[in-house]
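With the hints as constraints, model all of the structure from the sequences given.
Protein chains in written order, with our numbering: chain H, 3 to 203; chain Y, 3 to 203.
No lab work stands behind these hints, which were simulated from the structure alone. Please read these numbers as outputs of a predicted model, since none were measured by experiment. Glycine included, C-beta positions come from ideal geometry on N, C-alpha and C. Heads up, a few of these hints could be off.
[To be verified] Capping the alpha-carbon separation at 16 Å, the derived lysine to aspartate or glutamate pairs in EDC-like fashion look like this:
1. H:LYS39 x Y:GLU57
2. H:LYS81 x H:ASP95
3. H:LYS40 x Y:ASP167
[Stated by the list, open to error] Now the stretches of chain H that chain Y is said to cover, found in silico as 3 or more residues with beta-carbon under 8 Å:
4. 12-22
5. 26-36
6. 42-48
7. 93-103
8. 132-140
There are 2 protein chains.
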Amino acid sequence: MAKATAGPEIERLIQLLARLPGLGPRSARRAALHLIKKRDQLMTPLAGALQIATEKVVVCRNCGNIDTMNPCAVCSDPKRDPSVIVVVGDVADLWALERASVLNARYHVLGGTLSPLDGVGPQDLAIDTLVARAQEPEVKEIVLALNATVDGQTTAHYITDLLHDANVSVTRLAHGVPVGGELDYLDEGTLSQALRSRTPM
Amino acid sequence: MAKATAGPEIERLIQLLARLPGLGPRSARRAALHLIKKRDQLMTPLAGALQIATEKVVVCRNCGNIDTMNPCAVCSDPKRDPSVIVVVGDVADLWALERASVLNARYHVLGGTLSPLDGVGPQDLAIDTLVARAQEPEVKEIVLALNATVDGQTTAHYITDLLHDANVSVTRLAHGVPVGGELDYLDEGTLSQALRSRTPM
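This is the structure in structure tokens:
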């Protein structure tokens, strides 16, 4: 900003808000104004929530999920099927799958995907701990729920190779037409996968 | 959300972030994860900045600007021209004009625009204090820098009528082609205003 129009405390707030994903400089200013206008309803509670999260949030030592307990609520849940581990790239993917709430399984968060171009190798991801968990006698299936991108699929193949000698079946998410998707807007890769994986009515 | 996937502290943080303008539920989750991952670089400083803003930010008793001093830095600045008052609807508009930094004037924030449909009348805006400021002997010009919307222009006409007997000239922002704008994408109203207000090369 060329000129400090508000006090340094407000400028600092705007700069920090602008570092959130989804907020640019302009929307960070709007957010700061909104916070200042809603001081009691929003700004004070948000300051408190951030302070509490700063103090309490930990990474689950078992699966890499983020929670305020360790092991996390998912790993500690006795109703979860211990025979299935769903492998995801990021905690956001874990949350997305939990919202779909299909599998009552546990998770393993890799912390990213292999990406030679970005210098992300196997040692940067939680792959060795996954291989260790796959050796546990109760584990029967590893579901690779990774992005359908080049990096995601590279990671899936790498893990499949590593788990070749482990006594588990390795599966991946189905490819196909998204629910509500229109064929006309889908790419050829998705359409050809959906055709090849066609199922009886 | 159908299912609490993270702890209640994280859910609360996500809910508060989702109330910021520009962030929906999905981007609030992304923002919360980003904050948790950048705990020391971002989450702790943001909690502190919000706390400081909660304590220090005040509304300027003179012009309605938001600052940590009262009167605000603009009103207290002895280098500002005291003969011109720029009337804006909101603090965000004041900041936008300060970034343009053309006029070295002082401001008056109305706190909105007249909107009969939304039940916003003159008593809801800082119009009486504007009329009082316009009577001050040093004030020569009132620039109405209001949105070029129906509500903004209604407000501009209402204020112009009120200031009819005050010894000030009342001006408004020019209409015309935005800098960098392509004619093909402009509405007829803007084009006709730009043609009528054409200036010599």
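Do the hints match the structure? See the list:
1. H:LYS39 x Y:GLU57: holds, 13 Å
2. H:LYS81 x H:ASP95: violated, 21 Å
3. H:LYS40 x Y:ASP167: violated, 37 Å
4. 12-22: The restraint on the segment 12-22 of chain H holds, since 7 of its residues have a Cβ under 8 Å from chain Y and three suffice.
5. 26-36: holds (count 7)
6. 42-48: It holds, with 5 qualifying residues against the three required.
7. 93-103: This one holds; 7 residues, not fewer than the three required, reach chain Y with a Cβ under 8 Å.
8. 132-140: Result for this restraint: violated, n = 0.
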